[in-house]
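J.: Guided by the hints, dock chain B onto chain A, whose structure is given.
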Amino acid sequence: MSVPATDPTANTEATAPTAESLSSWLADRIALYLKRSPSEIEPTVPLAEYGLDSVAALSLCGDIEEDFDLVLEPTVAWDYPTIEALAGHLVEELQSTEGGSR
Amino acid sequence: MLSEPAVDPAAHEAQESAVQARVAELESRFGDPDDPANPLGTAGLLAADEAGELPAAGERLLDDIVLNAEFVPGEFGGRLDRLDSLARVMRQVFRRDVALGLGYGITSFMAAANVWTAGSEEQRRRLAELLLGGSKVSVAYHELAHGNDFVRNEFRADPVAGGFRLHGRKEVINNADRADAFALFGRTDDSPGSRSHSVLLAERDQLDADRFKVLPRYTAVGVRGCRLSGLDFTDCPVPDSALVGARGQGVELALRSFQITRSAVPGMAIGALDSSLRTVVRFAVGRRLYRRSVMEIPHASATLTGAFLDLLTCDSLALVGTRAVHLLPDETSVYAAAVKYLVPKMLTDTMYDLSIVLGARFYVREGEFGIFQKHVRDLPVLSLGHAGSAACQATIIPQLSRLARRAWFSGDEAPRSLFRPREPLPGGIPFDRLALASGRDSLSASLVAAADDLPSGSPEELAVQGLVLRMLDELRQLQEDSLNLSPQDRTALAGPASFALADRYTVVLAAASVLGVWRGARDGDDPFLADPAWAAAALHRLARRLGQRPADLPPGCEGRVHEEVLRRFHERRSYDLYDTPLSG
Chain A
0 MSVPATDPTA NTEATAPTAE SLSSWLADRI ALYLKRSPSE IEPTVPLAEY
50 GLDSVAALSL CGDIEEDFDL VLEPTVAWDY PTIEALAGHL VEELQSTEGG
100 SR
Chain B
0 MLSEPAVDPA AHEAQESAVQ ARVAELESRF GDPDDPANPL GTAGLLAADE
50 AGELPAAGER LLDDIVLNAE FVPGEFGGRL DRLDSLARVM RQVFRRDVAL
100 GLGYGITSFM AAANVWTAGS EEQRRRLAEL LLGGSKVSVA YHELAHGNDF
150 VRNEFRADPV AGGFRLHGRK EVINNADRAD AFALFGRTDD SPGSRSHSVL
200 LAERDQLDAD RFKVLPRYTA VGVRGCRLSG LDFTDCPVPD SALVGARGQG
250 VELALRSFQI TRSAVPGMAI GALDSSLRTV VRFAVGRRLY RRSVMEIPHA
300 SATLTGAFLD LLTCDSLALV GTRAVHLLPD ETSVYAAAVK YLVPKMLTDT
350 MYDLSIVLGA RFYVREGEFG IFQKHVRDLP VLSLGHAGSA ACQATIIPQL
400 SRLARRAWFS GDEAPRSLFR PREPLPGGIP FDRLALASGR DSLSASLVAA
450 ADDLPSGSPE ELAVQGLVLR MLDELRQLQE DSLNLSPQDR TALAGPASFA
500 LADRYTVVLA AASVLGVWRG ARDGDDPFLA DPAWAAAALH RLARRLGQRP
550 ADLPPGCEGR VHEEVLRRFH ERRSYDLYDT PLSG
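Chains as they are written, first to last, in numbering that gives the first Met the number 0: chain A, 0 to 101; chain B, 0 to 583.
Don't take every hint at face value.
What follows is a list of derived Cβ distance ranges for each label pair [unchecked claim]: (1) B:R210 <-> A:T96: 44 to 54 Å; (2) A:S38 <-> B:D452: 54 to 64 Å; (3) A:S95 <-> B:D62: 31 to 41 Å; (4) A:E41 <-> B:Y351: 27 to 37 Å.
Derived lysine to aspartate or glutamate pairs resembling DMTMM-like cross-links, with alpha carbons at most 25 Å apart [unchecked claim]: (5) B:K212 <-> B:D239; (6) A:K34 <-> B:D148; (7) A:K34 <-> B:D480.
What the hints contain is simulated information worked out from the structure, not anything from laboratory work.
All values reported here derive from a predicted model rather than from experimental measurement.
All residues carry an ideal CB built from backbone N, CA and C; glycine is no exception.
One chain only, chain A, in its complex shape (with noise of 0.2 Å):
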């Protein structure tokens, strides 16, 4: 099983993913390693609670990069550790690389 390579959120060509689009990306892609659906995860729930382990947030990190053109530290997950967080922050990431020269 393979899981969608793009996503239109992803799109920063047309429209800039807001902490709102991303949250919902998150959600949906942390539910996928959590086998769970994604209303089940609260956006001010530290992942590590619902049992996401240090080897899926590496992982989340790779398929942040991937789909958003991102280069990550590889502790952002640890760093900022829900959704909520990690839209917020993903967000001033994007605006920053948008702003300087990519």
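T.: Here is chain B on its own, set in the frame of chain A:
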């Protein structure tokens, strides 16, 4: 192609001869292993093992030459400048006795790596002082209930005014009863996840003796002389100054600094296989069955040749692992895990193969071949301690799909120097440049790049070329399989297929290492390493390990390797990449 580091020939010579001198001194001080009067001969080592002690003469010798200086960076007065040299020097100890290598010192190095990576200037200075003064330092990470899942560790280091309060147990800790300091991994925050632990360096003298005790010693199958016990703390205070790095940085620090020890320790243990191979060659040369020597029996001779090739393969991967820390620090997370996974596994497998040639002698605990069963029991500790095999695979698994997408068949190849055993390295270990994950793989890129540039004159060279192409097929298959991994198969609870994928990848990395070492040696002064025969035969074994059915090797290929097995036996040279003169 990356630029090669500038080489000053005089500095090169000085580095190499300094290491050679340390290796030679250890070898000569350990003396003739077969001399029954030598307390550090095999008879003495076996007696200490039977008594469950480290050989006292061995500990005195290592104190005397200040072995601990090998674990202390040059800037703090020690001799630790290069990781490949550390492995090479320590191999001389492991060649004689794994328990002595581990029990005297290596756990001190594991503890120290954390402090060199993230400790304050004051902590580093103090630790150097302790080690250079002959102290042991315990690495107290392990809790039996949690194995390698150390994010779930329960040992508490509760932040309190002015410091921390330690509470709980650390189990199966080497030298807990006699270490002067402990590197402790404890929970400093109740939240789940990977920012809730910290590393603390506590000195025994500064702890309230009523608030901690040493747990009873464990008895183990192997390394019987190691003093494995544990620590039990009851609300024991330590000052703020004990914290190594930042609070909450423990998991990250462990993952970073253990890349250094995971790269280096398996290369040390190769010494035990080296001695075991020599023991079995001696048996095969001396014993007569079916009116010929065991060495003339094709199965026995092929097993010994195969063991030598496996040793060279392990050493090639270990060499690349240690040199990558200097040359490719951001890629080391994967290579360190590959070394720590594959080398101990191959060493253990090869010991089993050798035991078949030794036959019933393998079951005898004393006498001429008694040391063999000791190495058989001692070596598996390498696969168990300090990240088990599965934990190493779990380090690789989440990186596979990223490497498959970004790195394989596209990146730059590694500098040639990565593969050259005696070549100088930029000084000092770059503790601060190790990354937790990388999107590059210069080692496999070297395999890919080499494919277009291999000589094809002799049958042996053609064999290497054919085997390299098979390895590239394997890498292509790995790429496809890695891209198809489901999310669940990229977690710690991934299915067996993910672990098998990580296993195959490490074999490809070993093949890339063998190929690199041979290519690097072609213009060198070691005629055996320059010969394609060993590379072809080693790659052939790796291909079969992957389940491939490569074409038969050209006639003469294994014969050339077999000759070398005998030459090194009769001339008393080591069986690793360094072809080192041995005592006796």
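J.: Are the hints correct? Go through all of them and say.
T.: Now the hints, each set against the structure:
{"no.": "1", "hint": "B:R210 <-> A:T96: 44 to 54 Å", "result": "holds, 51 Å"}
{"no.": "2", "hint": "A:S38 <-> B:D452: 54 to 64 Å", "result": "holds, 55 Å"}
{"no.": "3", "hint": "A:S95 <-> B:D62: 31 to 41 Å", "result": "violated, 55 Å"}
{"no.": "4", "hint": "A:E41 <-> B:Y351: 27 to 37 Å", "result": "violated, 51 Å"}
{"no.": "5", "hint": "B:K212 <-> B:D239", "result": "holds, 22 Å"}
{"no.": "6", "hint": "A:K34 <-> B:D148", "result": "holds, 21 Å"}
{"no.": "7", "hint": "A:K34 <-> B:D480", "result": "holds, 21 Å"}
Of the hints listed earlier, those the structure fails to meet are numbers 3 and 4, in rising order.
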